[in-house]
Amino acid sequence: MTASFPILTILVFLPLGGAVVVALVPAASEARLAKPIGLLAAVIELGLAAYLVVDFQSGQAGYQFTSQHSWIGQFGISWHVGVDGISLFLVAMTALLFPVAMVGPTLTGSARAFMGWMLLLEAACMGTFLSMDLFLFFVMFEITLVPGYFIVSGWGGLRRNYAAMKFFIYTFAGSAFLFVAILSLVFLTAPANGGHQTFDLITLTRLASNLPHADQVLIFLGFAVAFAVKIPLVPFHSWLPDAYTEASTAGSMILAGILFKLGAYGLLRLGLFILPRAATDLAPLLLTLAAVGITYGALVTIMQKDLKRLVAYASIVDVAFIVLGIFAFSSQGVTGGVLEMVNHGLTTGAIFFLVGVIWERRGTLRISELGGLQKPAPVLAAIFLAVVMSAVGLPGLNGFVGEFLVLVGTFITHRWWAVVATTAVVSGAIYLLWAYQRVFHGTPNATNAAVRDISWREIGAVTPLLLGIVFLGIYPKPFLDRVTPSVNHLLAHVQAVDPGAHVPAPSGPAIAYSVPAAQNVDAGNARTTAAVKAQP
Amino acid sequence: MIAALLAQTAPASGGCTISAGGARVASLCTANNSLHIPVAYRSILPILVLSVGALVLLLVSAVLPKRSWPGLYPLLTVAIGGAAAITSAWEWSDVGTNHAQATIGQQILYDRFSVFFMLLISIATVLGALISDSYLRREGLDGVEAYVLMLMAGTGAMLMTDAAGLIMLFLGLEIMSIALYVLAAYHRRRVQSGEAGFKYFILGSFSSAIFLYGVALVYGATGSTQFGEIAAYLARNSLPNNGVLLGGMALLIVGLGFKVAAVPFHFWTPDVYQGSPTPFTGYMAAVAKAAGFAGLLRVLNEALTTQQANWRPIIWLMAVLTLMVGSVLAIAQKDLKRMLAYSSISQAGYVLVGVQAASSAGTAGALFYLFTYTFIIAGTFAVVALIQGPGEARTDLGAVRGLARRRPGLALVMVVLLLAQAGVPFTSGFLAKFYVISAAVQKGQYVLAVIAMLAAAVAAFFYLRVALLMYSGPAEAQAGAPQLIGVGVGVGPAGDGALTAGLEPMRRLDGPAPARAGARAPGGATAGAEAPATASTTAVLEAPPEERIVIPFFVGLALAVCVAFTIFAGVSSPVITFARQATTLF
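First to last, the sequence lines map onto chains V and Y.
In our numbering, each residue's number is its place in the first sequence (first place is 1) plus 113.
In our numbering, each residue's number is its place in the second sequence (first place is 1) plus 7.
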């Protein structure tokens, strides 16, 4: 594909265009046309994303497919998009999860509005993952709230309005710190940039390491608060169970599968990449929050009486795992963290979908009222078990690879945190398997015995996710080949800026990778140049 | 032809149109004791258009038989406002990038800053006339007076933005205020309207007096009322802790702070906004704020620029109070117009954030804010005027319930305008907040920036609450039951916090949708001119009767313009370029 073809820009604008088209569908033919049109846009998007994954050069650490256009020139704001190994699979996962969430759950209410908001949300998520401009990132990060809000409040449970409002305001308040942190970064680095403000990620990364240390720490804290709310890390998590439980099936799938990752991705991209020194200084704090989140989340999850709420709390544990991997500062840890982001998207998306399938049949998700569903619905039970096994971390499925990498990576650098985190593997097995047992095993009562099995349409919807789960579990190499160079480049940058940081060299044969000169943020650094081949 | 005329008059004013830096060099034209003050008409063209237009309008109404052609006055007003906008645009190119010129006996400043505001006020007048027409006819109030008053208020506001000295500023302030007092009381059959006008008048008179006292004190301290001369005097002489000067400065800030509804000078705002006829509320919110801030920026940055160390902390505190009080108290409101009043207070807080930065970027941000806010607030009040029904019967929050089902397009317009006020990206409101807050961060005001953003998060709550109500189903209502059966906010569990209390009614009303017949109340039950006085004070969130809301052509046009501009300014950069050019040489 030629460099002139702006595939990434199209990835952002295609769903947006789809949303507009869906919104313009006349009310008379809404039921007939809205869903196919919306789905078509999402499927074309998936095709483009698949092309992107295939065409992505695996030996490259830098951004690829970049395109840049000036937007608000006076402030150094531009439309600058690019994809690297870290964001590549998040983009692919987003493109995969949206059509599944659109086609899987039974659609109630206005199809036009639902499809419109979903496509808008997809565009915003794509924009967030692809942006290389901090202003663009913030704008996209913020705009996800609007469709997210309307999806929760429009198609949710009884307390959906409360949940949607809480979701919006929590994240909006967190973003206040992100906004000020970004602005501070831009204005503090402006003098070193010849007095010109810039929001460009690469330029800011170059300039930020020269800031006074206290400034770096404060800016990083601003990032951390905003993303900790979005992720959410434990003291900031109270919006999550409400939002996930009250949202409709599709809403929960997207919320848990993708919106979550925006926070973790932001922490990695903005926090770690731009401000490595502050990140290494504050790593103990974040690691501790992650460890607390894992322990606390696991305990709370075990006690849940509602299946959907249980899955929501289980997400807190998973996400804490991601943060743990990211702040381990080892190649395995960060790669594992990135893999866990994708895993969690696939697995949780599938679980929320299957929970939705149960809800559509039974009308309740109280674990005490369910039971013995395996008898009337054996296929559903089998699929559910496979997904649960992936979440628990059974070898051969994707969850194992991610958890293993995170734990190994953390153990190398932060031994005791890894020890605490390992308990999560155990407790994860407890709450998920126990829940599975209570819902599916035993003798069904009359109501439960009458449950229909999963339909072909639903199987069709969940199959892509299952394939992803199995593929990443058996053969993660294509994934790791694309992610590892970018992760190593990131860690080399951490090491270069903060030589005191304990960043172990990647074990095994060093993987050579190259970075375009325009994107090399540590030009002239010994360790980096050793690993980087000159770009022709 | 106009240009040729002006070219003739320009030499006549030769001695007075002082070029570069003229404003700051005091050379009075009248120094030779000649009574002849040459008039540079080009500098006040839009003012002339508006004021002469007002007189023409009066004349036309006197000549024509009564109610011969009902749409004539609004059309003429739109034409006059449009002419003023066109002349402003011409002035924009005429003044070019020249420094401020003091014309007409040093009383009028002619620069891009003043032209910017003249354009803003012209546009606000056009929008105001478009929106008022159908409202006035619906309420049986149509006549020429409202339009004349609007044009006069615009004239005063333009004078304020053009003023080169405190005296002219006061003159403009009074012309604008008196017209606005009358507009507030214009709905003669509504008690609240009279109350609003009276309150506005009493408090406004006090604030004018305070402002005048400030003028006197500043004159006493510096020996002049001209911005340029005050600045020159203060640059020559250092007056540390000069009580007279500081007192004068404080009183000026109070007087202008009243006009822009900054906390703690905001107490009139909710009552006046609630009581005034809705389209005039929008006009008032746009024009009085713009003119007030233009005056404030002139006084602080032009005359008292050397006193920054003294006034910046005051404005800082005012900004914080305005942001917090505005957005927190808006949550507690059950009346739509009252809520928008508090919201406009909190919006003023953002402009103050730009003002306190005391920099070119901050001023440009404030200008951008005011310009885009004009469209947002005019559009919002236009929607409110439509949905509140005859006699302003329904102004409680419940009036918007189910709007999305009745008029999806109108609901979408309102959502865009509300999101813009909340500061959501891709609307002008977001960029406006971005500009003022980035100016604050540039000056190292991190705390203020965080407070401003947190206030936006608080504010998001009450904007979204309205959006939520619009998209939720009809309230639970039994067939044949009287209308006021909604669950009042006041009777919610007292122990709940503000957040829960605010959500409680919605949550409870989210039950299964009743039969449509139940929600359909007898049409026209409240359509009388004498609306039940309790309707606006009792908190009822049930759906309004299922009447079809008719969107008149003029209002639809105004709404389309407002929404288009809100999105245009939110995704592109010409408007901020415009605002920056208005401040580059300021």
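Bear in mind the hints are in silico, worked out from the structure with no lab data behind them.
Beta carbons are placed, not taken as given, at the ideal position from N, Cα and C, and that holds for glycine.
There's no promise every hint is true.
Taking beta-carbon pairs under 10 Å as the criterion, some of the chain Y residues facing chain V (in silico) [as the list claims (entries may be wrong)]:
| # | residue |
| --- | --- |
| 1 | Val-198 |
| 2 | Gly-201 |
| 3 | Asn-249 |
| 4 | Pro-432 |
| 5 | Ala-447 |
| 6 | Ala-467 |
Hints and how they fare:
Because the smallest distance between the Cβ of Val-198 (chain Y) and any Cβ of chain V comes to about 35 Å, over 10 Å, the interface hint for this residue is violated. A distance limit of 10 Å between C-beta atoms decides the matter here; for Gly-201 (chain Y) the minimum to chain V is near 37 Å, and the interface restraint is violated. The restraint placing Asn-249 (chain Y) at the interface with chain V is violated, with a minimum CB-CB distance near 34 Å, outside the 10 Å limit. Evaluation of the Pro-432 (chain Y) hint against chain V yields a held restraint, the C-beta minimum of about 4 Å falling below 10 Å.
This hint holds: Ala-447 (chain Y) has a C-beta 9 Å from the nearest C-beta of chain V, less than the 10 Å allowed. With a least beta-carbon distance of about 5 Å to chain V, the hint placing Ala-467 (chain Y) at the interface is held under the 10 Å criterion.
Violated hints, listed in ascending order, are 1, 2, 3; each of the other numbered hints is respected by the structure.
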